[in-house]
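Residue numbers (our numbering), protein chains in the order written: chain A, 1 to 262; chain B, 263 to 412; chain C, 413 to 1186.
By construction, these hints were calculated from the structure, which means they are not laboratory data.
Treat the hints loosely; a few may be bogus.
Only pairs whose alpha carbons sit at most 20 Å apart, straight line, appear in this in silico DMTMM-like list of lysine to aspartate or glutamate [claimed, not checked]:
{"#": "1", "chain 1": "C", "residue 1": "K480", "chain 2": "C", "residue 2": "E539"}
{"#": "2", "chain 1": "B", "residue 1": "K290", "chain 2": "C", "residue 2": "D441"}
{"#": "3", "chain 1": "A", "residue 1": "K92", "chain 2": "C", "residue 2": "D441"}
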Amino acid sequence: MIIDEYKKPKTIEEAYSILTTKENSQIIGGGAYMRLSKKHIGTAVDLSNLKLDFITETENYIEIGATTTLRELEINDITNKYFNGIISKSIKNIVGVQLRNIATVGGSIAGKFGFSDLIAALSVLDSKVILYKTGAVNLLDFINKKHNDVIEKIIITKNNLNADFQSIRNTKTDYAILNVAVSKHNNNFYKIAVGARPGIAICADKAESFLKTVDFSKENAEKAGLIASEEIKFTSNFRASAEYRQELCKTLVSRAILNINC
Amino acid sequence: MKINLKINNQDKIIDIRPDEMLLEVLRKNGCLSVKHGCDTGSCGACTVLLDGKPILSCSYFAAKADGHSVTTVEGVQNKVEKISKYLVDEGSVQCGFCVPGLVLTTMGMEKELNNPTEDEINHYLSGNLCRCTGYVSHTRAIKKYLEDKK
Amino acid sequence: MKQVNKSIPKIDGMGLAKGKPAFTDDLTDSNAIIVKVLRSPHAFARIKNINVDKAVKYPGVECVFTHKDVPRNVFTRAGQGYPEPSPKDKFILDEYVRYVGDEVAVVAATTDEIADQAMKLIEVEYEVFEAVLDFEKAENNKSVIHPEKESYTMFPMGFDASKNIACTYDMHIGDVDEVLKNSEVVLDKTYYTQAQAHVAIETHSSTAYIDHYERLNIITSTQTPVHLRRIIGEALGMPINKIRVVKPRVGGAFGGKQQIHGELFCALVTLKTGRPSKCIYSRKEVFESSFSRHAMRLNIKIGADKTGRLKAIDLRVLSDTGAYGEHALTVFMIAGSKTLPLYNKVEAVRFGGIVVYTNHTPGGAYRGYGAIQGNFALESAMDELADKLNIDPIQLREMNMIKEGETSEIFKIMGEGGEGTAQIIESCKLDYCLKRGSEMIKWNSKYLHKKINADKVRGIGMAIAMQGSGIPNMDMGAASLKLNDDGFFNLLIGATDLGTGSDTILAQIAAETLNVPVEDIVVYASDSDLTPFDCGAYASSTTFVSGNGVRKTAEKMKNLIISEGAKHLQINVEDTIFDGKTIKSKDGEKSISLKEISKGWLYHYGQGQEQLIASDSYVGKKSPPPYMAGFVEVEVDTKTGHFDILDYTAVVDCGTTINPKLALGQMEGGLLQGIGMAVYEDVKYNKYGQMLTNNLMNYKIPTREDVPNINVEFADSYEPSGPYGAKSVGEIGIDTPPAAISNAIFNAVGVRINDLPITPEKILMAMKKKEQKK
Ligand SMILES: Cc1cc2nc3c(=O)[nH]c(=O)nc-3n(C[C@H](O)[C@H](O)[C@H](O)COP(=O)(O)OP(=O)(O)OC[C@H]3O[C@@H](n4cnc5c(N)ncnc54)[C@H](O)[C@@H]3O)c2cc1C
Ligand code: FES
Ligand code: FES
């Protein structure tokens, strides 16, 4: 990779203005993924001086600054207190402590990686991406649209939902072959996200609707897994075949539902 | 561009390319214990402590480290010797290429975790790959080290 | 004061832990020119045109080489003994490129960035051919990978480039077809083993400079310095007295650094420019453009009677050597020669097959070296037979395996590419290994499986293995010892410590023989100018071959000290003893300390002054196999196919362990590498022959969280031909995991995965298929 100029702006306005005015400019969060790219970057905009590394709790929300590292997120008391620790559970197998000390929340969201474990987990929480110019955007909308903007923070509604994360990996620290996050709001209101298909996490709407209509039981959890595995598209790559991913989806979704209810 | 870097407690002003990674800069500045093992942030051989926390210097832009403090094995020889005695006694320094990184991550772990279990040790150190030892001798050595330190 | 069978700390351990500059890239001149290689994007093509004008003119570029600028001498990079048992089929650079990653041009520039930029400026026009990417279709394929006239072999090995055949081999003892026909049970199975990457954490690194004698010096991460010198001389057509090769610390090798890699390119650049140069491979280059384990298809037939007595074994192998034939013949032969003697009571045995060229990354030496492939087939088949006959797998092995005092005719027939060496097995504690291992893992209470909950089942499996200890009547290890003032010694050895700890154990052997503390043995290795000949670290030779060389040398030194000491004390040699500290007459009347006499010998004995130096060498007359039994317990998730390895237990007979802790490290590391091959690792290509697993994000080696429980014990054993009873321990650890794990999975869930690696996907899909059949 070639970078002509490396800037560390002091304010988010400045970061945004470089991003939108300079040719071939690109944001650097942790830089761990950027560094793998073969791009020629005109101006690199490093956000580390913006004081966006924070995790705070307000009355209704958990707020996570964009340059918070995955390691901070993993061990933070606030994130661990809610949602059965799903956030921590989802990221704790990413490579190693040293990488998680570099990789940021902003980069993990903005990267929109198909394999992303964090996106899968956040997809079943009530999460919003706060962009500097655009303002608040639902996570799903953020993923589906292109934004030439700076992620400032992520906010997650502090509802009392239960959640679980499941994944299957080759070695323990490898990318997931499939990852699944499930949350349960009240009674029968579930959210189910399936990622690393290898495409990015998407929701299993039909399985969610099915669960709304039935009471919890092991059979219904399995049925929901089956429905999810049939409605979601999987593809094959060198890590696994589509058929295997489909099988895993069945099991992991039903397991997550069971875990939440037990 | 120029950056201020405290390397092993010495303040330095270093001229770097904007796209240079910390690993290259450290090696050029005499920290040859920092090893290049992969190009993808996957092996841990390049581990250094940045403000006391273990990071991968191959995946960290040198420009990002501006104003920060970096510790390599060269800067903490006594401490390294203390930990490594256990590793050497267990025969777990084979080719040794992974060891400086492993020792630094272990130092990071000591700071963060109190009385880690074997699983916690293995989890904390999982980013340090070793192809020679099969790891179990590392675990034995580090457990003993932590035990004796008490 | 015993120095062997003692866990002294590895002599370089602390220095390496403290990060002392010790590896090739730590030792390069800071002004070294950067050498990079432009590599082929095509699996098979001919370079029609190559234009380097723009690259040559680019500021900072020192020189560029293409096939037009380099000597056209055909050679092999294998790094084996001489005459070489691999086809000579490689040029420094060639107009043909035979795999994605093959060398097209060499660029030397003042910085990495300039070299990268210059490579982009080289214009290459290729004529692209249809590549051979399926090794089962390589033979007689219309694409001929080695059309050149020059390629040849130094002795007949069935080489037929026109058919894409690198070599063939066939042997048999007795009439296999007849015995099979008359066997009560016959098992006929096919297994596949994949290519595996070595993944030494230090990438292949080399550097070169011209010294003040105007000789070419190469410092390189290699297992075989003297072979390397010979090959560089041959490839460049230069006398080898102009070449010096130094091996610094090596950051892991496992066979991957037996072959030469960037050394030739550094040599070219330094010879041309007169300036120091270095070539440090990227991880991608190591994956794509060095070597990997030969992938194989193994067909095995076993005939037995109903009680489980083996009657005949027939093993046919097809091996993929990739684009070049490094180790093609020898790895393939070892699939038979280091497995089939395990069951030496058969009436007939046959082994044979062919090794084919494909447009894959070349195969090369890799720990296990064919034995791991053969072992997977043989030891899986043994379990299949046990299942068929309803016999406990351990019992089936006990009935049929080789025992101390026995032999196998195979030893005599099959050697390293040619005839072998007959030997009687003087140490074999396989029976103990099986007994102890099954106790340790609690075989009797765990066999076959145990249901843990609705989704989890545990299963247990095992396998036995053998390896060798060096190549008899061929590979030599030599050493010399020099006595210094104050009574300490320099031990100079050509043996190459790759992290294995051989410098330490060889010092221990010398210390034991001389009865001195290990601290008094200062080791230097390995430097083609300064250290005596040693074939290098491969074929599990160092402890046995180099170790015997050191033992003989130390004995010579001891005798020298006694005879020269007797002269000084003016007593008879027969009446003189040396106890490590003093030289004295048997009656104790006359004595002098080694400390004192060594000073006198060097400084002030006048006409009695002399340098004591001893040297000796050793060539094995046999290759005593180490043996082992491996046991594994797995826990399979029946809904995902995913499984955990709960425990891997191994009991090993490697003779005396010169340094038990270091031997243990060899075993634990070998086992995990074998587990890696069995479960996690797979070199994969796409349909264009591009490697998909060319980095450590996509090629996964085990982490410390994957197999936290490895338990190794050593059998009490003594090999009379080994130094202080030792056999080899470097390779054998890798051999059992593929079969043992496959057997454990079968015992747990009733499906057998016959193609490695054994992935969760394969297990689950096989379980589904089995269910559907029901
Ligand atoms: C070897 C390796 C293995 C990995 N394995 C996994 C895994 O198993 N599971 C998993 O979920 N993840 C994995 N990751 C990804 C990792 O978790 C991070 O998501 C990734 O490194 C990106 O984070 P970063 O801070 O390094 O982002 P960067 O590399 O800095 O940036 C990534 C992208 O995001 C943009 N960006 C960064 N910050 C912002 C911002 N604030 N606003 C707008 N745009 C921004 C950048 O411009 C860039 O396009 C892996 C990464 C590596 C290097
Ligand atoms: S060099 Fe491998 S992680 Fe940095
Ligand atoms: S000791 Fe060689 S890689 Fe760890």
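Here is what the structure says about each hint:
1. C:K480 / C:E539: Holds. K480 (chain C) to E539 (chain C) sits at ~17 Å (cutoff 20 Å).
2. B:K290 / C:D441: Status holds; Cα separation ~12 Å.
3. A:K92 / C:D441: 41 Å, violated
Hint 3 from the earlier list is the only one contradicted by this structure; the remaining hints agree with it.
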